[in-house]
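Since chain W is already given, all that's left is putting chain L on it; use the hints.
Protein sequence lines correspond, in order, to chains W and L.
Residue numbers for the first sequence follow numbering that gives the first Met the number 0, beginning at 0 and rising by one.
Residue numbers for the second sequence follow numbering that gives the first Met the number 0, beginning at 0 and rising by one.
Hints listed in this document are in silico derivations from the structure and should not be mistaken for laboratory results.
There's no promise every hint is true.
To be verified - Listed next, the in silico DSSO-like pairs over lysine-lysine satisfying Cα-Cα at most 30 Å (straight line):
| hint | chain 1 | residue 1 | chain 2 | residue 2 |
| --- | --- | --- | --- | --- |
| 1 | W | K276 | L | K201 |
| 2 | L | K421 | W | K178 |
| 3 | L | K347 | L | K84 |
| 4 | L | K201 | W | K178 |
| 5 | L | K446 | W | K276 |
| 6 | W | K276 | L | K425 |
| 7 | L | K440 | L | K251 |
| 8 | L | K118 | L | K440 |
| 9 | W | K251 | L | K437 |
| 10 | W | K251 | L | K421 |
| 11 | L | K261 | W | K178 |
| 12 | W | K276 | L | K84 |
| 13 | L | K437 | W | K276 |
| 14 | W | K178 | L | K251 |
| 15 | L | K186 | W | K178 |
Unchecked claim - To list a few chain L residues with every Cβ distance to chain W over 10 Å, as calculated:
| hint | residue |
| --- | --- |
| 16 | L76 |
| 17 | K82 |
| 18 | F112 |
| 19 | L164 |
| 20 | K170 |
| 21 | K186 |
| 22 | K251 |
| 23 | A344 |
| 24 | W397 |
| 25 | L407 |
| 26 | Y416 |
Unchecked claim - Label-pair ranges, simulated between beta-carbon atoms:
| hint | chain 1 | residue 1 | chain 2 | residue 2 | range |
| --- | --- | --- | --- | --- | --- |
| 27 | L | E175 | W | N143 | 30 to 38 Å |
| 28 | W | M135 | L | D353 | 14 to 22 Å |
| 29 | W | A303 | L | D73 | 26 to 34 Å |
Because the structure is a prediction, the values reported are computed rather than measured.
Even for Gly, the Cβ is constructed at its ideal location relative to N, Cα and C.
As a plain string of letters, each chain reads:
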Amino acid sequence: MSAVRELATRAAVATPPAMATRVRGLSDRAIAWLFIAPTLVLLLAINIFPLIWTIRLSFTNFRANRPNANVLGVGIDNYVSVLTDPDVWQAMQATAHFLFWTIALQTLIGFALAYLIDRKFRGHGFWTTVILIPMMLSPAVVGNFWAFLYQPQIGLFNYAVSYLTGIPPSSFEMLGSVKLAPWSIIIVDTWMWTPYVMLICLAGLRSIPDYIYEAAEVDRASKWRQFWSITLPMVLPFIMLAILFRGIENFKMFDMVNLLTSGGPGSTTEVASITLKREAFEKWRTGYSSAFAIILFVAVFGLANIYVKALNAVKNR
Amino acid sequence: MKAIWKKLPALAAIAAAGVLGLGSTAAQAQGKTITLCWAAWDPANALVELSKDFTAKTKVNMKFEFVPWPNFADRMLNELNSKGKLCDVIIGDSQWIGGSAESGHYVKLNDFFAKEGIKMSDFMPATVLGYSEWPKGTPNYWALPAMGDALGWTYRKDWFAKPELRAEFKKLHNRELEAPKTWDEFKQVAEFFTGKQIDGKKVYGTYLFTERGSEGITMGVSNVLYPFGFKYEDPKKPYAMDGIVNSADAVKGLEFYKSLYKCCTPPGLTNSYMGEGLDAFKSGQVAMMMNWFAFFPGLYKDPNVGGDKIGFFVNPAGPKGKGSQLGGQGISVVSYSPNRDEALAYIKWFASPDVQKKWWALGGYSCHKAVLQDPGFTKSAPFAAEFLTAMDQVVDFWAEPSYAQLLLSEQKWVHDYVVADKGTAKQALDGLLGDWKKVFKEDGKIK
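Here chain W stands alone, though its shape is the one from the complex (with noise of 0.2 Å):
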């Protein structure tokens, strides 16, 4: 509330004299107040309320599909159950494996191609443009068009696959193999995001003044010198701040999973979005899935808290 106090206070100065004296009867912060209010209870609307409203059932027994059923408290027996789920950790797992890879190749591909246009050669800002392609394009198109690609008998992928290996194409089933599932998400995730992490590693790079390499040029630094001692520590927290994003973004990832295997084959790619779907609209275990919710909302909210602290330090450094 104290931000919401500062803000309504920093409205308050910012308010010409004038308004302030031809609304009669009010004050600077109550008109203050006024201006924000819509704000607040849209935030309070769609955002505070359904929290604390997901919070209380996740207490209860509630089912949205049984809406004549008595609801009891059944106290943290939901959280229990969610915590002692062996498919809610199986789930917790193909996640995790999603998530480090997507960030990792990600990372490494988006920071160097972020590193080789900013070399600024010929037609680098053609490229760009075309790097760009794919974070553009809406992810149900994106789901859909690859899983053409995976299409085994006429897939393009795997006719690139065979060509470059010599495994006959319909060998291999990207989709449909327990081994291959996670990959081929992981592969159309990274072909989509990379140019976004790309974009912000571009951002970092540019953002070094030219003279500390001209200084670092000056003391004879070698160019890997240079990459260690001033560039990569430089683009860090750009860096950093991309794991930041990309990592909030693919804890919830739904819709290219849900268009490319639907969480199979079984469940070897059921991530957690998936499961918190199933168990809220498909099962309407209303009560269950709210505190399954919440412990991923916790979660998340957690680790990004002490990602920013890091991301601080690593700028303030």
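Okay, now just chain L, sitting in the frame of chain W:
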């Protein structure tokens, strides 16, 4: 100028009154409108055509809300659970009947049927049990049987008729290459076609359901499990499932489905349902296709694979007899509808034998005895006789209010076993049994 500003509210009021007046006149001229909700598929188009007669007769306009099958349950159950007024009439899936009856989503139709002289004995018993009754086996009706359906099979009659293939098959199996009547025969035929080059293309024996997200693989597996002797519960003791769901017969059935999937289906179909099956069959990829009877009229008309090139057969018999997975739906009135009278009028109109006959003629599957027991019915379409046979041997999934939980558990366990190669058939069925018992325990059905 000021005078105009002063008169503005009055002018606005006159204009608004005019607009509203015109609007209400138009509404009166057009009569009332009711919305019918269903899945987006071939029979829905036939129903649009059929419903024109209703509008002509009653002056009640019809609007349609059709949702593709993969999203149908999510969309419509959300609508019903939120007491939405989108649908006045709904053709809901057979498994929804328990939940929709107990949650008050559907209007109970007993009094209406009695008043209008609509008799459930005029409809095929399996469809009344499957689509209308809750609790099952009691005379409590929540829907009128609307669209009879079951899982059946299509095959490439033209491929089966090729002399060289017939000769080769006879030499191999010492019998004619015909539509299979048992699962053993089915597997022989499926294996025979797999890998063959026909019309310059590599073909496969069969298409099976493997879809993971909604109900696909459960429907496909059940279609094999029933003839192998699978039961949901002890017929003498409701909800007693130990040794029944995970019986040796059920294990054999599940292993058989996996063996078919492994030996004889095209690669890449690891998450496939009705649409993918139609694509595989229409593109000449498979010799036999599992799918719902609802699609057969459309397939028969297909210029590439229909007509003389297509044949139909009922689900093969297994070691423990016959059985087909029930599909199809009943038509219900949504209790939150503000147009209940018009919705009930639609049901009354739809129940009449003449409308039912036209429904069948347009491509819908009537459940009315006036249609199905007509002497000419079996000859009325090339798949009509098979449909009748299938409807005599149908078995349905649970229709409990918790059906979705039960269904999703089976989706997970059988997909894990059949497609993802996790564990054994016994482990899958044991796991399924454990999940189902947990659900029924939560519901208070078992201790």
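Please write out, lowest number first, the hints stated earlier that are contradicted by the structure.
1, 8, 16, 17, 25, 26, 27, 28
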